[in-house]
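Engineer: So the protein sequences, as listed, match chains B and H. Mapping of the first sequence onto my numbering: residues 1 to 252, in sequence order. Mapping of the second sequence onto my numbering: residues 253 to 497, in sequence order.
If you are wondering where the hints come from, they were derived from the structure by calculation, not from laboratory data. Misleading hints may appear alongside valid ones.
DSS-like, lysine-lysine: derived pairs with alpha carbons at most 25 Å apart [said to hold, decoys possible]:
1) B:K29 with B:K242
2) B:K29 with B:K56
3) B:K84 with B:K116
4) B:K140 with H:K280
5) B:K116 with H:K280
6) B:K84 with B:K56
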Amino acid sequence: MSNSNHQSSSVGLVVRGLRKSFDGQEVLKGIDFEVRPGEIFVMMGPSGSGKSVLLKHLIGLEEADAGEILINGESITTPEIAAKYRMALVFQSGALLNSLTVGENVGLYLTEHRLKSPGEIQQIVAEKLEDVGLREAMNKMPGELSGGMKKRAAIARALVIEPQLILYDEPTSELDPLSSVVIGNEILNLNRRTHVTSFVVSHDRDLAFGVADRIAVIVDGRIVTIGTPDEVKNFNDPLVQKFLHADFKRET
Amino acid sequence: MFENIGEIVLLFWRTLLALPNAWRQRQKVLDQFFEIGNASLLMVCVLSFFIGAVISLQTGPVLVERSLPSAVGGVVGIAIAKELAPVMMAILIAGRIGSAMAAEIGSMRVYQEIDALRTMNINPIHYLVLPRLLAIAVALPMLVVFAVLVGWFGGAVVADMNHRMEIPFRVFFADLRDIVGLKDVANGVFKSFCFAIIIGVVSCHQGLVTIGGPRGIGRSVTKAVVNSIVLIVIFDYILTRFLLK
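Kindly generate the complete structure, drawing on both the sequences and the hints.
Structural biologist: If you want it as structure tokens, here you go:
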């Protein structure tokens with residue numbers, strides 16, 4: 001998130017006793033989990049279970065009522081944390097700035113923090129867009145892109161930060177199955193290439209079981225289980241089983 | 253409106269603290285400046301010409317009937333320079349530019365673009381508010397100077413052509429120069445600078461606190477314009493009282 005004192009290694013994340021209420025309604029009811037450096041950790045759960053609120057806490061967009069979030073053992077509330085560790089969030093909607101071209105969006109972090117010369121920024125932007133297969137979209141406006149392309153552009157924007165921790169908010173929502181596979185592969189490839197610690201929030205079962213090293217299931221503001229994909233699949237809890245095996249039943 | 257006054261003052265203070273970053277944001281300031289000038293210049297011309305014309309038409313015949321034709325230029329000149337140009341242009345800019353600021357920032361807030369800026373450690377006040385506030389604080393006083401000149405011209409045209417006045421163009425401006433001084437124009441320009449700050453801060457604040465979808469953006473735009481106009485009228489009285497001393 002910052003331009004100084006960059007560290008190259010991936011980081012670990014610990015969340016302890018996290019609570020958050022909005023207008024008296026408790027959304028997070030004491031969340032505890034740990035994400036190990038370099039792993040892909042997927043937080044699954046039905047809509048409204050508190051996944052996106054949790055994500056906003058992890059990146060510092062929301063302040064917790066109680067509990068703590070530690071990055072490599074340091075609380076995210078300490079002022080130096082932003083200067084010490086690079087974190088990026090890929091928003092559900094992409095959240096590209098509509099007044100800028102795709103290339104300008106991807107290079108925004110470098111441009112605003114004056115980390116490179118305009119020529120170098122242009123080159124880095126081209127590389128990152130190439131990485132996500134969007135080289136030809138550099139001069140397009142976000143409004144001209146499909147949903148999947150917007151998400152890939154948002155991933156490219158996150159890559160420019162060279163994050164040590166990358167957070168994805170519902171990366172495959174609103175996408176067709178083919179685009180979902182492309183995004184899932186992007187998450188895997190990025191993790192393999194850079195060993196970035198990845199935290200994915202999703203209710204997409206295929207994505208979760210396809211990319212995760214470990215999965216947590218959150219229901220109604222509480223984590224019900226955490227484990228490897230196989231452990232979660234075999235976890236004997238009606239809520240988890242219902243969520244994992246929900247399907248249409250057509251009466252004949 | 254008044255429940256947000258503390259937040260508005262805080263936003264203004266934070267923007268002042270961000271002033272050392274102004275040079276880094278110069279391109280955005282220029283873009284916004286061009287946007288304001290380009291969008292408003294024609295409207296400013298039309299509005300100020302007819303304001304000058306109607307003031308001349310309303311006051312001129314009354315003064316001429318009372319054997320005070322030499323006062324027409326002064327009355328029109330003072331009214332436009334000190335009151336009508338700054339207030340009317342501020343209201344025009346609140347409607348034209350304040351609404352656009354609130355809508356643009358409001359939609360950025362609703363569609364998480366501002367959250368995205370924060371996650372990249374880019375301060376929205378530096379990136380969004382500062383350039384807009386600087387641009388409007390320079391552009392509105394310049395537009396007001398322009399409006400004063402066009403308004404005087406409109407008043408002079410009507411005074412010359414209206415059969416109940418028939419005050420020649422040159423005489424109108426000679427009378428105007430006798431009464432209106434540079435200080436009067438500076439007075440109006442200073443007012444317009446204060447109004448520009450009000451429009452900029454109120455509109456940006458309203459954009460930043462937008463919630464909900466398109467309806468929320470619409471509500472923010474309306475509030476930005478109405479609140480700006482109410483504050484302009486209140487501050488107009490306060491500034492006039494202060495500047496009359």
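Engineer: Would you mind marking each hint as holding or not holding in the structure?
Structural biologist: Checked hints:
Restraint check: the Cα-Cα separation between K29 of chain B and K242 of chain B comes to about 21 Å, which is no more than 25 Å; the hinted pair holds. For the suggested pair K29 of chain B and K56 of chain B, the alpha carbons sit about 15 Å apart, so the restraint of at most 25 Å is met. Between K84 of chain B and K116 of chain B, the direct Cα distance comes to roughly 19 Å. Compliance with the 25 Å bound is thereby established for this hinted pair. With a CA separation close to 20 Å, the supplied pair K140 of chain B and K280 of chain H stays within the 25 Å bound.
Straight-line distance between C-alpha atoms of K116 of chain B and K280 of chain H comes to about 19 Å, which keeps the hinted pair within the 25 Å bound. A C-alpha spacing of about 19 Å is found between K84 of chain B and K56 of chain B, which places the hinted pair at or below 25 Å, so the restraint holds.
Violation of the numbered hints given earlier is absent; every hint is satisfied by the structure.
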